[in-house]
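Enquirer: Chain residues, written in single-letter form:
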Amino acid sequence: MSLTPFFAGLVNLGFVLLISPLFMTVVKKVKARAQRRAGPPLLQGYYNLAKLFRKEVVYSDYASFISRIAPYASLAILMVATLLVPVIWIPDAAPAEGNIIVFLYLLAFTRFLLALLGLDAGSTFGGMGSSREMSLSAVIEPTTVVVFAVMAYVAGTLSIPEMFRHATTIIPGMSPTALLLAVSLFILIIVETGRVPVDNPETHLELTMIHEGMLLDTSGRNLALFELSHAVKQTLLMALLINMLIPFGIIQEVSIVGLVLAALLFLLKGTALSVLLGIVESSFAKMRFFRVPNLFMLAFFFSALTILSEVMI
Amino acid sequence: MIDLFIPAVFFFLIASAIPVYLTGIRAWQCCSLLQGLAGVFTVLASASVLLRYTGGELLSTSLTPLFPVILGVDRLTAAFTILLGILTVAVCCYSPDYISRMHGGRSRDLLCSLIPIFLAAMLLVLLSRTTFAFLLFWEVMAISSFFLVLIEYEDEKTRRAAFFYLAMTQLSTVCIFLAIIQVYLATGSFSFPAGMLLSTLPGLLAFLLFFLGIAIKAGVIPFHKWLPYAHPAASSPVSALMSGMMLNTALYMLLRTVTGFFTPDLSAGLLILAFGCITAVLGVMYALKEDDLKGLLAYSSIDNTGVILIGTGLFVVLTATSHTSIGTMALLGAVFHAVSHGLFKGLLFLTAGSVNQATGTRNIDELGGLLVRMPWTGGLFFIGVLAISALPPLNGFAGELLIYQALITGLMQSEPLMQVVLVIALSLFGLTGALTAVCFVKAFGLTFLALPRTQAAKQAREVPTLMLAGPAILAVGCILVGIFSSQILGVLGYPGYLPDLLLISLLLTGALGITCAAVYTFASRETRISITWGCGMQDPTSRMEYTGSGFTEPVVRIFAPVYRTRISFSKEYHDPERCFVRTGTAKIELMKFFEEYLYLPVARLIDSYGETVSKLQNGKVDTYVLYVFVTIVVLIVIMGWLA
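Chain order of the listed sequences is H and A.
According to the numbering used here, the first sequence is numbered sequentially starting from 37.
According to the numbering used here, the second sequence is numbered sequentially starting from 136.
Mixed in with the good hints, there may be bad ones.
To be verified - To spell it out: a stretch of chain H is covered by chain A in this simulated footprint if at least three of its residues, at any positions, have a beta carbon under 8 Å from a beta carbon of chain A; those stretches are:
#1 130 to 139
#2 164 to 178
#3 289 to 302
#4 326 to 337
Stated by the list, open to error - Beyond 10 Å from chain A on every Cβ pair, some chain H residues (computed):
#5 F43
#6 L58
#7 Y95
#8 N236
#9 P237
#10 T307
Please keep in mind that the hints were generated in silico from the structure rather than gathered at the bench.
In this text the structure is predicted, and so the values were computed from the model without any measurement.
In this text, a Cβ means the ideal position worked out from N, Cα and C, and glycines have one as well.
Chain A with its partners taken away, still in its complex shape (with noise of 0.2 Å):
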């Protein structure tokens, strides 16, 4: 089955190279297709992985015999590319049209031959079977995506984006170079490591650094500050791939180091369970508060990966504690949530990115009135948001509903000291969910419902069918594996672990027929369109409407300790007795407490530290002799002393 990637990647490379001989809108349809036929590939060879399970094919090159790259599929991987091949054939449906609608001139067939090689990188990052291979493809991922997040690089907010987000990810690269390092000295090979202990020193540090480099990939609270600047900055297609793929080939490496590398260990277990629990919870508090639509899913997404990490965390401390069936349930959750936050989200950064082309803007507080406008958008934007915020029968329900029953079950099960810890997991899990809720009530609402807020919303048109398509592409994906996800489970060979959401969803179809019907038949059917009641007030104006910080200050004055939020205030009186309000001004802001207390400490270190050595360096040739000179000498010297 390995075979049928073969073509995939080929086809990956073909589009790549296309905008080199061709231009213009020619160029990005012909390297779409290329593509699309790359993830259908794709899809076709991982379902066959996951329906027929053959096991132990293996298809190995090596670049010299020291370094080899083995490439192998197994379900786990599968799960995985099937997502990649659904997203790719999304987004190339997608882009042609955004595409030929942005700005820039040859940067777009930059951003279209990028977009192939990124792809393939993930695909083979997701492929490898050697720490060799995958560090190779995950830096050419780490590249190929900062350049893409550049391709708008005449914004200045852009660079700083895109810097940021390159720093981020080469220490993410750096550590995983490291663990990998490790690994190599503890087994002395370059294949995927078997069973580690992490009592064993060099198995602790291993697995710290793997941790560590794939939770600043995937938007781990706190090594998450790239994130909500690199999404909101790319283009949409690469923000929906970004989000939807790439931070879940970095949560796939944690599933491999937990279910393989690793033997499940109680404290590693409980490590990734409290990150993902602060993520979750921090994720989605940071994402309501955001205005800007991307950035909202952006630190959103951040959310998901919490979501995932509460659920792998749990399977590694239930499977520590000897309870492997919830601990599978818990593995599935996280897998399943995995998959159906990359159709969900890629759904809501294709169409996030649609109403960016349509209005010019992404702050919610000059949308409004979109679903009137572009009804298609707004109703795929509605499905994704059902999706997101776990509404059964869709599939963000069916991964949260896993990790939920193997957060009771496991209660149920577990030993007093462990039941306090799944009790703050549960409580915090629930919270999760229900202020993702929120946040999207939001996002709808004030994007796609009531009055336009300004003149471009109000002059919004809908969007090119094909950039109907790709969304529309994912939107079915969501609804088909929420309705059919105990039955894939099933199939899978994971039957009863879910509750029939089939049955579910055909009894909401049956109720709502059975209401309208009865409605129909025995109420009035009288309707009259009149202005919205506004206490006597007549025709009111958008002015009126709530505003997206309005809508969520309630959360915030809350949770006021976690914001943070500072509210200053200054006024001036007419009066010397200070009666008078003349004018003033009130903010409120809230505090970037991670930038404030964990980066820029650290970065003005660096600074401190350079501006340091920078003092070693004028420029003349004399004294780098001499620096040669004093450092053979102390070598020298050491060297004799060793001996």
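Here chain H stands alone, though its shape is the one from the complex (with noise of 0.2 Å):
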């Protein structure tokens, strides 16, 4: 068994923890910059992780276990989902053979020890956080079980790494699948990182909040840790997304130059949908609760779509 595959892996983890807390930064700054403020500096993400790494943690009396293994439960499965899609360097193997549905469930899993964690202080924002937020992941369930079918689909494979070496082999931008798949992809980043038009990250306003109400009682390493797992997520499906679409760049053979390169390319095409969702959030007001499903059902449209459109071609 050759070596490769482990160091793709690692090269992958290394670059996406690194680099994620600057996505979360640029959507920030772009944020700011539409309503004419100067917005954080582009390191923010970095400093704010440094100062609650250094801070202490308080638990609740009344917290149990969960509270305690959930943060870095977290942050474990999404270091493992990485594995399964790769950002720069596509591996001859990833465990599980970067299969979609394991991707899926990994992200499923954090969610749900975020949800209990939400329960666990027995605070009511908490307990409105973890509701909102599985109902939800609930209703966007089968868009996004289909939109991944979809992806499994058009590169005839459920591997991940399979499904971006597929998309090297097409030109950006002609097909018409890709360009509807991307719309669906892009409404799942939406959401799943909980931003406006469903959840409003800045706010703490309980009539608005939903992933920052199931934190409220975290503080110091564990927010930490949660919050660079919010970021390696959000690059997670941001990937996916960019190499499904645009994967000019990205590597499948050992070459350093090549390794500088596509990691450069990745920062800016991900710079550059980082101010695109920035642009999205401050152009939209936050949707009713209950209009969120009404989203999802667009997304359910443009995947149910591609597969047609895949079939009729």
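Grab the two chains, each in its own frame, and use the hints to assemble them into the complex.
Expert: Set out below in structure tokens:
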């Protein structure tokens, strides 16, 4: 057994962990700019993490082992998920063959832990957050599954690395299915990362928050771990979109120059996508909670359309 | 290998006789010990069949030459009997302490003696190789389980549940009976039919009757209504067996039916698939709304029946359209999920029983904060919850993954019309998975986390060790079967159907280790315990926590057309202008759709028929003699006319 898949996994993992906070900050920066504010410096995400890691953790006196284990488990699960989604280097082999359903359920695992964490401290906000998060996740799930099935359908495989390999063989922007798929995936990113119009990541108002509600009782290094996992999750979903739609630059063979180039290119593409996310976030108002399922229907429609267009061609 | 099952059945029968001679805790312990031995024998026998398939070993006895009872075992049987063995061992560890903490006098001995009979009947149903033997043991199973539900008969609700169950299970037997007669008419023998065609009328009738009988027993919606009544009413070891194993015997028969009895037929597959989708989605939706912990688990069993049905239906559809290898994947998924479901549902029911005994209530809204008070029970329940929510790398995930793979690869290779069907099935399947997670976040979160909501929950104590050992066996089973799923399938001769979850679990452990080590090394280690932040409110109480109905309110609202809630409120005012509300009531009711539109009309019909018929009966002998006379005359006339 060769060691290249191992190195590829490590490189991808390290890269994702390193750049994820940046993308979060880029979105914030764009939103601030749209509101005529200066916005945080680009490295603010890293400063925040460093600060939080240095702070003490406060546990509620009702908290069980869930509160203690969930932050670590959450990041660990996302690290494994990262191994399934090659960001800059497509390895020859990935754990669980890079199965997209495994990836989906690893994400579900983190959400599950987070929802339990929200209930653990016995606060009303936490319960509200986890109730809403789980409800939305249930409604988005059929769409997610169908979008992933469409990706599998288009590429003819269930393995994410193979999908990306297939994507490199088609000319970017020329395939209508890829474009349709991109729309669905973009909506998925918005939902899964809790952005406007589904959730507002910046609010602490009880009426609007979902994701933040569950984290209200988390502090210090635990909060840092959650913020990092959230950022990693966003990067992974972005990588899914980017590498399906515009995969050029991603390397399949070992080469130092190629690797650096791929990293730079992904940084560029990721930043562009983050800017787009920021623009979308600042140009929409948050939807009423019970209106959100309509948005999911839209994504569902687009993914169903993708299958149709693929069948017709 | 079939010989090894004989001592198992033997031990079951001895165990059931023990309470005749002994009473009290000694009887329960002896009984459990013997059952445990039987369980171990079953596991060994099934494992040897699974690993070294020799084939063709049958054991036949006949009551009369006409009605042959032939027992046999193949790997499909063995997959289910091994589950039965494991469940038996777990229940044996659990039940002595459970029974001794139960109320009731001699009925507890009866419980102890009926469980082995029930287990033996299920084992024999699985081993049956003739339709006659199957019907016989099926009926023994039905009757013994009816009495098991009825054990705590003092409660009015239990009695109602038991009789409802009896009616439904007899209906199921009637269907199976008719199906067997139909098969007998078509083939002229009581041996299992092979490759009957659905295109012929007898074949079609036999299939539909088999399916109906099985559907009633397996809790397929809309024939499910007995299940959420009967399972919570039974004591926990019994509900664990009923949910974990009895539903599976019905599903096993379905698998037998579609893999051997009948040739795969597209429309039959679509029928099973449609029922599967409806059952899965509605089952989990009803589970979500349930506030009774065991009721929730019962509904979730319906949902899992649906999932297994989806796998089975998919197998039939794909085989009928000659995608055999994907079909095999779906079938593997169905079997794997059936076995997994037995394991984790047994685990959940047993631990829910512990919670029930420790607190005296099953209402989720009266529990809470139990993880601190009953850490082991809570931990075991947590493993069950992870497994049932299909989170990797546990066993629930492996089964669903197989079905997902079959759905998606089936989607890739089918023709357009079939694709539409598969996309619908896929999205409903995804919805089921996600709603299951919601449901069990609620079940675990509200029962075990945060603050206790009542005094009873506050004073809960951990249960005795043996009551933990039983569920622990199942929990270990859930974890191992999940982690080694691809290896297990490999050993059984199906390599490459599942991705390697062992690697995933190793990576998860590694990543967790690295994260902990890194945080421990580089980050601050200070920790402080303080009260929960409540917006400046000091000392939050349990009244401020989310309740079960609050937790699921968004889902209920989003899926309002499915739930058909009725909101009714009335207000009284201080002033005639209706500005100042004095008092009022508001009520949200869930309409019991199937009860109101399916069960009650049928029941009313039977009632009115009964009333009409009862008019004929006036209790006088003369009248009855007249009836007999008239009947004979009519018969003679008809016979004469026919001749």
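Enquirer: Could you run down the list of hints and mark each one as holding or not?
Expert: Against the structure, the hints come out as follows:
With 6 residues having a Cβ less than 8 Å from any Cβ of chain A, the segment 130 to 139 of chain H passes the three-residue criterion, so the hint holds. A count of 13 residues in the segment 164 to 178 of chain H with a Cβ less than 8 Å from any Cβ of chain A is obtained; the coverage claim is therefore met, three being the minimum. With a threshold of 8 Å between beta carbons, the proposed coverage of the segment 289 to 302 of chain H by chain A is violated, since 0 of its residues qualify and at least three are required. Counting residues of the segment 326 to 337 of chain H whose C-beta lies closer than 8 Å to any C-beta of chain A gives 3; at least three are required, and the coverage claim holds.
Interface exclusion of F43 (chain H) from chain A stands, the closest Cβ pair being 15 Å apart, more than 10 Å. No beta-carbon of chain A comes within 10 Å of the beta-carbon of L58 (chain H); the shortest separation is about 20 Å. With a minimum CB-CB distance of about 5 Å to chain A, Y95 (chain H) fails to clear the 10 Å threshold, and the non-interface call is violated. For N236 (chain H), the non-interface assignment is confirmed: its Cβ lies about 17 Å from the closest Cβ of chain A, beyond the 10 Å cut-off.
Once the 10 Å rule is applied to beta carbons, P237 (chain H) is consistent with being away from chain A; the minimum gap is 19 Å. Non-interface call for T307 (chain H) relative to chain A: holds, since the shortest CB-CB distance, roughly 27 Å, exceeds 10 Å.
When each numbered hint is compared with the structure, violations occur for hints 3, 7.
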